[in-house]
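A.B. asks: For chain Y, the structure is supplied; the task is to place chains A and X on it using the hints.
Chains as they are written, first to last, in the working numbering: chain Y, 1 to 395; chain A, 1 to 395; chain X, 1 to 395.
Hints may contain errors.
In this list, chains with the same sequence are indistinguishable; a pair is considered to hold if it fits within one copy or across any two.
[Stated by the list, open to error] Straight-line distance between alpha carbons at most 16 angstroms, and here's what the computed EDC-like set of lysine to aspartate or glutamate pairs gives: (1) K384 / D292; (2) K239 / E182; (3) K350 / E141; (4) K339 / E101; (5) K5 / E134; (6) K354 / E233; (7) K239 / E281; (8) K319 / D57; (9) K354 / E141; (10) K145 / E349; (11) K304 / E226; (12) K339 / D307; (13) K354 / E144; (14) K339 / D89; (15) K316 / E27; (16) K239 / D89.
Hints were generated in silico from the structure; no laboratory data involved.
As the structure is a prediction and not an experimental result, all values here were calculated from the model.
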Amino acid sequence: MDIQKLIDQIEQINSGLYQKDFLLTWEKSESALRRVLQVAEILREMRLQNISPKVYDSGLAVSIFRDNSTRTRFSYASAANLLGMEVQDMDEEKSQIAHGETVRETANMISFLTDFIGIRDDMYLGEGNKYMREVGAALDEGFEKGVLPSRPGIVNLQCDMDHPTQSMADLLHLKQQFGSLEELRGKKIVMSWAYSPSYGKPLSVPQGIIGLMSRFGMDITLAHPEGYGLIPEIVDIAKNNARNSNGSFKIVHSMEEAVKDADIVYPKSWAPFHIMQQRTELLKTGNKAGLDALEQTCLAENSKFKDWEYNDAMKKLTKSQDALYMHCLPADISGVSCKEGEVNGAVFEKYRIKTYHEAGFKPYIIAAMMFTNKFEHPAQILKKILERGTKRFGL
Amino acid sequence: MDIQKLIDQIEQINSGLYQKDFLLTWEKSESALRRVLQVAEILREMRLQNISPKVYDSGLAVSIFRDNSTRTRFSYASAANLLGMEVQDMDEEKSQIAHGETVRETANMISFLTDFIGIRDDMYLGEGNKYMREVGAALDEGFEKGVLPSRPGIVNLQCDMDHPTQSMADLLHLKQQFGSLEELRGKKIVMSWAYSPSYGKPLSVPQGIIGLMSRFGMDITLAHPEGYGLIPEIVDIAKNNARNSNGSFKIVHSMEEAVKDADIVYPKSWAPFHIMQQRTELLKTGNKAGLDALEQTCLAENSKFKDWEYNDAMKKLTKSQDALYMHCLPADISGVSCKEGEVNGAVFEKYRIKTYHEAGFKPYIIAAMMFTNKFEHPAQILKKILERGTKRFGL
Amino acid sequence: MDIQKLIDQIEQINSGLYQKDFLLTWEKSESALRRVLQVAEILREMRLQNISPKVYDSGLAVSIFRDNSTRTRFSYASAANLLGMEVQDMDEEKSQIAHGETVRETANMISFLTDFIGIRDDMYLGEGNKYMREVGAALDEGFEKGVLPSRPGIVNLQCDMDHPTQSMADLLHLKQQFGSLEELRGKKIVMSWAYSPSYGKPLSVPQGIIGLMSRFGMDITLAHPEGYGLIPEIVDIAKNNARNSNGSFKIVHSMEEAVKDADIVYPKSWAPFHIMQQRTELLKTGNKAGLDALEQTCLAENSKFKDWEYNDAMKKLTKSQDALYMHCLPADISGVSCKEGEVNGAVFEKYRIKTYHEAGFKPYIIAAMMFTNKFEHPAQILKKILERGTKRFGL
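Bound-form chain Y, shown alone:
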């Protein structure tokens, strides 16, 4: 692909990304979202053409993972490394955080020579995004008061509300699968709950999907059993987005009904909002017995909905019997990773490689978020990188 042409397509407008944290897609303008996708595509193409986009001679990218991670951890490390930064993991168990240190203090202490902080904090409803903003406010103060030589950018690597590096990678996947963002207009995407033998999966992926895909004129169907709702305020945001982008948004309580004529299906388990609320309270008070009881109740409740599996019968109902299947991975695959799960083994296998492609955009999305945070005029810098022509590998 001609990288220069891709660079030329970047609009000369203020995207509002410069020196701003990337916390929620719905806080960003449409031009900001487009720009992140464009820069991600260019960085990916540079990698494919063995052109190094390194822009840091040194620098740290701190990661704070308050929950397990594979894909996002490696994507963040890859993005940082590609641009020239070294990842330094903030392992709270090896730190002195437990000594009662305040967030604002820690945020400054790890940031003296830091350019980015990536945070995953998705366990507690009402907490994760708040924590990121608390870190951000501390960094603002530190920079303003001359403690920090620059204001490190924050990348939300999944919170209780959104999972923007995931949803933006998903969007880039859709852009590439359908040819352009314009082609997504009028396409039907189904974000559907699906059965899983585990419990307590975060709400951030389905929320991220409906919050973002509703920006581009798509017809969104959110499907889940009654009682399995998402955070109401975010559902409202998605509704508004759909209205503003001339798309549509509806909620149904049947997977069959939802997937009819769908262009895209995203079947994924999550815990009901009201269960997550109870769970958050129990986690905060360390109520182990309560958590165990809640888990049993929830698993029993879930087991009523084992027919929410995306399988061949469901697939046959979709557009041309071949809707694009999406998942953030790892999926609970019936007969592969569990007995009964979110998706039938054969159906998953048909789209498996596509889900890998989908995941493969994440490193470039994160790198693009970093790039657009640090450079006000990314096109100019990308052009210089192209002219410089440093090889990523080889002499």
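C.D. replies: What follows is chains A and X alone, placed relative to chain Y:
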């Protein structure tokens, strides 16, 4: 600031830093200490002016943390990264150390392509500094016998005796706050014990402070309740230093008395020397019951001294009622991180940002220790870096 | 040493290393093994002469350690860093592997911007090497289907069958000690079992040694008590290798008999093959009681062979009473790291520094495996590196 001018101020004398480990400030000449500060200031200024001081195209900086760390861990990583080295943590739990491997063997095994080893080992009185020297002797042998291509430098990231990266960062903070090292002459600094609800804090910070600040003609007051003494040999070193530098040194057993007319107050908890001695024995023998009993005794003892809090009444006794408050962080702040602690919440808040500035010198101090260990004539190299003009960030 | 001369010695033939994983030495041609040694020597010499062989401007080298490691972990990190890659450890405990994710999925998820994956998996007979091939097949698919921009190379950092980075480092040590590979022809090397107070040590080192040293016309003696055999198929490979290279191979059940007139002695403990088979079954089923019982049986059995210690009496039987002692380290040293062990303290001490030299080749062997995997014509690239003349350290 004009970096060239700062470089010109570096004296053309042999500081004795070249190819020497940095283990204790009192082993270093005054010119060595001055040089570390100067190089740290220059590296800091380069970072502010976006000039990259990278001098390694590759290289490892190994870290061995035998106790938790946030500030020092990130400072060490930042320093290594700034100069071009990658941090590789030696996690003893993931290694084969437990197999009975000797220190001299491990020291060599981790050093084949290593340029620095940073060590924190502050748990056992009489052990930490000894361990660093054992590692150093092993590296000497490995280098001499051709096992190692170069002799990695050792940086003491806190031991049982000293915490030189902390005290040197503190000294640089004082230099900047008061204008010059000369201005510190005759200033009164109080290193005071303070109450904390925790127990067993290391002695290395107060020892490091009295051992270093006594080199520059300051009037040192060490304040603590009776029975809360430091290692006697180090107190003697501080006394001698004070005498040699035309400063003064005294010990008092009242915080009120100590802080009168003080220019600088450093209120911080530590465990009494004799308790640390008992604790070390109990730790060595793995006597869990004994440790618990000792902790209870010590906490009960501590609780008699809750009035050793640095608060507004204390502050009013200081020079212009506004002595510079210092702390290595995290502080035990009454009403913030604990009920009753080392410092009153409002007083801490007044100097909070200054303590962040204080902490912010540590990465540059460590980088300067590395730089002066590896380059016999740092001024020449710094000049070349300036001429090279590589940007740390951007094209 | 003249690097240009070393480069000129690299033959212009197809070694078969390009774009191939390094999993077992006996899968590689003799010219491939020679080439790895040559490139390793050149990279080592460049490091000694302060020439940077960095060929990556960015890139990740992932490590997966399913067992503890010090030497190999730091060697892998050093090799990656020397060539310009950053190590990213895949800590399975911090990942979502436990969610039932498949190997083929994980392999792709960690590889989007990855150039190498180093794997240690030596706990289960029949599993480690298989796992590496499973990862390799997944990477093949990912690359073929366009998921991965390039096919990351795999380096076996120890499996159930072989420990090629160890045996190749050992071979390079022998090459340097005896002057050339040709000089090894007809030399007698004894791979001998030795007593250790621990149990369950992997078979991969002795297997790796007999599998590799038999390629170069050496006279191999494998010595162990009856019942302490290695994997029979690998012993057969060593026999065939010896026949094909005009060397010899025999098995004896007495250390005294084995070491007579030996040029080289490698005394090291390992668990009997049949015990490892039982252990593997018990580990798979999580049979803790069974494992404990097996350990007791095995330790009791081992204790009958405490006279399998390499000591002065043994050494006196060797060629000129001074056979080269080798060990992969850490050794169980009688009177140093254990009461009774694999080697007598004084004998070990005599060769201690040589074992450090032996270990010191590993980083360069790994770097050479990486280099020859990525460059079809390494001599050309090494020549360019020499001409470029970038310093590893300094300005």
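A.B. asks: With identical chains treated as interchangeable, where does the CA-CA distance between K339 and D307 reach 16 angstroms or less: within a copy, between copies, both, or neither?
C.D. replies: within (13 angstroms within a copy, 54 angstroms between copies)
A.B. asks: With identical chains treated as interchangeable, where does the CA-CA distance between K384 and D292 reach 16 angstroms or less: within a copy, between copies, both, or neither?
C.D. replies: Neither way: K384 and D292 sit 57 angstroms apart in one copy and 63 angstroms across, limit 16 angstroms.
A.B. asks: Evaluate K239 and E182 at a C-alpha cut-off of 16 angstroms and name the case that applies: within, between, both or neither.
C.D. replies: For K239 and E182, the Cα distance exceeds 16 angstroms both inside one copy (20 angstroms) and across copies (67 angstroms).
A.B. asks: Treating 16 angstroms as the Cα threshold, decide for K5 and E134: within, between, both or neither.
C.D. replies: neither (40 angstroms within a copy, 40 angstroms between copies)
A.B. asks: My question is about K239 and D89: at a cut-off of 16 angstroms on alpha-carbon distance, are they close within one copy, between copies, both, or neither?
C.D. replies: neither (38 angstroms within a copy, 42 angstroms between copies)
A.B. asks: Reference check for the pair K339 and D89, CA-CA at most 16 angstroms: within, between, both, or neither?
C.D. replies: For K339 and D89, neither the intra-copy (35 angstroms) nor the inter-copy (31 angstroms) Cα distance is at most 16 angstroms.
A.B. asks: Given a CA cutoff of 16 angstroms, do K316 and E27 count as a within-copy pair, a between-copy pair, both, or neither?
C.D. replies: Neither, since 37 angstroms and 48 angstroms both go past 16 angstroms.
A.B. asks: Pop the pair K354 and E144 into one bin, within, between, both or neither, using alpha-carbon distances up to 16 angstroms.
C.D. replies: Between copies only: 13 angstroms across, 45 angstroms inside.
A.B. asks: Within, between, both or neither: how does the pair K145, E349 come out at a Cα-Cα threshold of 16 angstroms?
C.D. replies: between (54 angstroms within a copy, 14 angstroms between copies)
A.B. asks: Give the relationship of K354 and E141 under a CA distance limit of 16 angstroms: within one copy only, between copies only, both, or neither.
C.D. replies: Answer is between: at 12 angstroms across copies they meet the 16 angstroms cutoff, but 44 angstroms inside does not.
A.B. asks: Regarding K304 and E226, is the shortest C-alpha distance of 16 angstroms or less found within a copy, between copies, in both, or in neither?
C.D. replies: within (12 angstroms within a copy, 60 angstroms between copies)
A.B. asks: One pair to classify: K339 and E101, alpha carbons no more than 16 angstroms apart. Within, between, both, or neither?
C.D. replies: Between. Shortest inter-copy distance 14 angstroms satisfies the 16 angstroms Cα cut-off; intra-copy 45 angstroms does not.
Hint check: violations occur at hints 1, 2, 5, 6, 7, 8, 14, 15 and 16; the rest are consistent with the structure.
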